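> Could you build all of it, start to finish, from the sequences and the hints given here?
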Amino acid sequence: MYRATAFRKIIPQLSSSPTHSASNKVKSKLCVVSSRQQSSVPAAEPFLNGASANYVEEMYRSWQEDPKSVHASWDAFFRSQAYQPPPTLAPPSGNQVPISSLAPFVGGASSHFNEPLSEKIIDDHLAVQALIRSYQIRGHHIAQLDPLGIQAADLDDKHPQELIFHNFWPSSISYAQQLQHKVADMMQKETDMEKVFKLPSTTFIGGKEKALPLREIIKRLEDTYCRSIGAEFMFINSLEQCNWIRQKLETPGIMNMSEDQKRLILARLTRATGFEAFLARKWSSEKRFGLEGAEILIPAMKQVIDKSTELGVESVVMGMPHRGRLNVLANVCRKPLEQIFTQFAALEAADDGSGDVKYHLGTYIERLNRVTNKNIRLAVVANPSHLEAVDPVVQGKTRAEQFYRGDGEGKKVMSILLHGDAAFCGQGVVFETFHLSDLPDYTTHGTIHIVVNNQIGFTTDPRFSRSSSYCTDVARVVNAPIFHVNSDDPEAVIHVCNLAAEWRNTFHKDVVIDIVSYRRNGHNEIDEPMFTQPLMYKIIKKTPPALDKYANKLIEEKVVTEEQVKDVKEKYDKICEEAYVNARKETHIKYKDWLDSPWSGFFEGKDPLKVSTTGINENTLVHIGKRFSSPPPNATEFVIHKGIERILKARLQMVESRTVDWALGEAMAFGSLLKEGIHVRLSGQDVERGTFSHRHHVLHHQTVDKATYRPLNNLYPDQAPYTVCNSSLSEFGVLGFELGFSMTNPNTLVCWEAQFGDFNNTAQCIIDQFISSGQAKWVRQSGLVMLLPHGLEGMGPEHSSARLERFLQMSDDDPEYFPPESAEFAVRQLHDINWIIANCTTPANLFHILRRQIALPFRKPLVLMTPKSLLRHPEAKSSFDDMIEGTEFLRVIPDDSISERKADSVEKLVFCSGKVYYDLIKARNDNNLGDKIAVVRVEQISPFPFDLVKKECLRYPIKSLNTTVNGQRKMTYVGRPTAASPATGSKMQHVKELENLLADFMTL
67 MYRATAFRKI
77 IPQLSSSPTH
87 SASNKVKSKL
97 CVVSSRQQSS
107 VPAAEPFLNG
117 ASANYVEEMY
127 RSWQEDPKSV
137 HASWDAFFRS
147 QAYQPPPTLA
157 PPSGNQVPIS
167 SLAPFVGGAS
177 SHFNEPLSEK
187 IIDDHLAVQA
197 LIRSYQIRGH
207 HIAQLDPLGI
217 QAADLDDKHP
227 QELIFHNFWP
237 SSISYAQQLQ
247 HKVADMMQKE
257 TDMEKVFKLP
267 STTFIGGKEK
277 ALPLREIIKR
287 LEDTYCRSIG
297 AEFMFINSLE
307 QCNWIRQKLE
317 TPGIMNMSED
327 QKRLILARLT
337 RATGFEAFLA
347 RKWSSEKRFG
357 LEGAEILIPA
367 MKQVIDKSTE
377 LGVESVVMGM
387 PHRGRLNVLA
397 NVCRKPLEQI
407 FTQFAALEAA
417 DDGSGDVKYH
427 LGTYIERLNR
437 VTNKNIRLAV
447 VANPSHLEAV
457 DPVVQGKTRA
467 EQFYRGDGEG
477 KKVMSILLHG
487 DAAFCGQGVV
497 FETFHLSDLP
507 DYTTHGTIHI
517 VVNNQIGFTT
527 DPRFSRSSSY
537 CTDVARVVNA
547 PIFHVNSDDP
557 EAVIHVCNLA
567 AEWRNTFHKD
577 VVIDIVSYRR
587 NGHNEIDEPM
597 FTQPLMYKII
607 KKTPPALDKY
617 ANKLIEEKVV
627 TEEQVKDVKE
637 KYDKICEEAY
647 VNARKETHIK
657 YKDWLDSPWS
667 GFFEGKDPLK
677 VSTTGINENT
687 LVHIGKRFSS
697 PPPNATEFVI
707 HKGIERILKA
717 RLQMVESRTV
727 DWALGEAMAF
737 GSLLKEGIHV
747 RLSGQDVERG
757 TFSHRHHVLH
767 HQTVDKATYR
777 PLNNLYPDQA
787 PYTVCNSSLS
797 EFGVLGFELG
807 FSMTNPNTLV
817 CWEAQFGDFN
827 NTAQCIIDQF
837 ISSGQAKWVR
847 QSGLVMLLPH
857 GLEGMGPEHS
867 SARLERFLQM
877 SDDDPEYFPP
887 ESAEFAVRQL
897 HDINWIIANC
907 TTPANLFHIL
917 RRQIALPFRK
927 PLVLMTPKSL
937 LRHPEAKSSF
947 DDMIEGTEFL
957 RVIPDDSISE
967 RKADSVEKLV
977 FCSGKVYYDL
987 IKARNDNNLG
997 DKIAVVRVEQ
1007 ISPFPFDLVK
1017 KECLRYPIKS
1027 LNTTVNGQRK
1037 MTYVGRPTAA
1047 SPATGSKMQH
1057 VKELENLLAD
1067 FMTL
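When you read off a place in the sequence shown, starting at 1, and then add 66, the result is the number in our numbering.
No lab work stands behind these hints, which were simulated from the structure alone.
Every value quoted in this text rests on a predicted model; they were computed, and no experiment measured them.
Be careful, since some hints might not be right.
Here are the computed distance ranges between Cβ atoms for each label pair [stated by the list, open to error]:
| # | residue 1 | residue 2 | range |
| --- | --- | --- | --- |
| 1 | Asp527 | Ile320 | 49 to 59 Å |
| 2 | Asp771 | Asn994 | 53 to 63 Å |
| 3 | Gln830 | Ser678 | 25 to 35 Å |
| 4 | Trp665 | Thr627 | 41 to 51 Å |
| 5 | Phe668 | Arg894 | 28 to 38 Å |
All residues carry an ideal CB built from backbone N, CA and C; glycine is no exception.
Spelled out as structure tokens, the structure:
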């Protein structure tokens, strides 16, 4: 008997359920019964028990004509199809609203249609829907993921209660207790397992079948969610995306593969396994961080690339740790084996630099993908032992390639990031990189992450290395689906690889493949894992390789024969032997063969010691200055802040007087490069306005949200684009991203600005491992500019110093060596240095040094200490005369206030750098010591301008300076005392320290 009260009993309980897909859907559809305006026609419940057939037929006829004409309970009764009308009353096909659009379930058993719709039937259908949803949400917890069979991938061996048939409801579903006993009753009876239930729209396990017996429903759910694949995706807040994944996982037969596909998997797995075996034979005592235990990674990566290429991708940028890198280079990128084997030969490098170990190197390959018959470009970015440090670098490089190709949707260029399980959950840069994935100026439109899950980190058990259930839980923050898969089921691995590639192509969002595997050897090939994981490695020793398991499976299926398996192994071994013989003929290692993005044509035909001019025509300066100082063209419609109006007017006055301040000098450097076709990108925290409210490169409409105007993008009709973008509050991730961007195209100026200079501390890994040493290790040049606001202003230790001393310590400029003087002295120093460190005191010098980054015939990182107080200092201004044609960057600025004839009267020569110059000059003038003390500014600190410092020393005949120029002179230090903290936190103490410094300065 149908009873409307049954629905009313369930509805309030559903309303408290936290689940959003199934339970809320039930709620929304059942609410039709209780919330619709009640008809004057009596309710169904009192009449059904004794109602005549004629009366029911009459109600049904009225309902057919207008469902609103009957009581809501009659409406629900007829819509449930529990009533079987006579043929004369049956509605024409298509007229009756299908039950699937109104209620989650319909009884499929014929008995349901011949009996009143009881409360039990309703509860049974709800229970089955909850069961299906439970498998979709929690099935991964009991999936058979560990090839060793030791522990659950989620570190929990308990069977989820909601997946135990007699008690499968999760405690979070509020109506569980209401329905639990119903399910238990169903399961206890064998006949109930044969009951047919109509499948809801939230599952695809039926394929073309709309209803299935309960036993088959459970079997198909287990096959989908509890075998070799554990899928986490129901947390995604998009029904469309959840349904897309469900269809790709649940559709019957979707994992079936042809015999050709199986043979391809076997061949690739054979090459991956054979490569490691060959290295082990030839170099048994060498570290190589091989892939044994996770060889399926190679077929997996190749399948991702095959499928992505098929979908239109033309370039793939990859980043990975050291484990398996050589195998990836050999069998994914198809780097010539001779070049790989040469790395084991302990040869000298043919290129400049110190080089790096073989499993840190990158590569770049263009080749034909034989599966899709399309050309593909593959790049593996070099990476140090800081495992995840390469993640943002890869993303920046990918974004740059997309930018220069005009690939605004990421259809042609994509990134693949490989991770270890312990690093993926343990290192914060992973989150920082994920956090960039959907930001407009940082997105790469979806990254495929592949975790080689060793189930161990170095020697640390995962139960002691993470607090989350899975090592991949960090990916949930961006709604990335996560597919855990057993590495010893190659076909399941390939299926999720296809799924990941299609997901990325469809939704342009991140996706994670977690290949649960093991490490057959220790941390490296000469490590003893039994020290710390004895039980695990006893099992590993007994576990046959994945290749043997899969080969035996295909032999049993008669897909291949034993002879064919053996033949494939022997052919690849022969290829390796031939490459080994050729490698022994090499005499040097060529690190240029390992570049991840060669700059074709950039170095060719250039004089490596000739720098282009950096001064420009005065008319260009005026044009840029006026455009930068003008409000939007539609100023009457675009409402700007009153304070901005004053700033623009002040800028225009400076342009008219032919002077520039710091902000104007920077804008003219950027604008002139844009005019020359050089793309400029400025990124960092609050760079659009500038932390100190000096830049204002983006003007905001004061009454319209997201309406902006960017003056530097409106200088010339054919200019290069200017990208200025506020970043997330990240230094490690964002600096790595900008480094990757700068590596792609040498003809672009990429700048990263720290909000305060010392904030670079949290990006130190990128600075140490990539920027300062990248060229020495990997022949990797970059013109990246780091803008670091720096200067003691009494604002405390964290807002005073960018720790200039650290950068100088990492410079390879030898302070004890005076290079031979020549006409090319300055540019040769730049050519030989690892990076440039400068602390400018004038806007003109800032203008020149930024333009010099592009004018150089090579690329070097620039570490630029930028000021705070000098942004508005009345003396820190420059004339157009210092920026026009014929002018250049001044490595040292002499004391022009002292003429040659007054040089003899100077008693003290002071070299300084940065904003302290203005404090010294004021103190000197206030004390009338202008003829006694000469103050020289060293603007470029590294490489040190020995030649110009020597010139200044020789200019003054005093004997108070001990330098390499004249050992008879005495040199003393004037400054603050040494301290652990870079600055005092007391304003009073700061003033006292400055007074002491100035007093020492003025002492003759």
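> Now tell me if each hint is right for this structure.
We went through each hint and held it up to the structure:
Between aspartate 527 and isoleucine 320 the Cβ separation comes to about 36 Å, which falls outside the hinted range of 49 to 59 Å. Distance hint check: the CB atoms of aspartate 771 and asparagine 994 are about 58 Å apart, consistent with the given range 53 to 63 Å. As the Cβ distance of glutamine 830 to serine 678 is approximately 33 Å, the hint placing it in 25 to 35 Å holds. For the hinted restraint 41 to 51 Å between tryptophan 665 and threonine 627, the CB-CB distance of approximately 50 Å keeps it satisfied.
At about 19 Å, the CB distance of phenylalanine 668 to arginine 894 disagrees with the hint of 28 to 38 Å.
Violated hints for the displayed structure, listed by number in ascending order: 1, 5.
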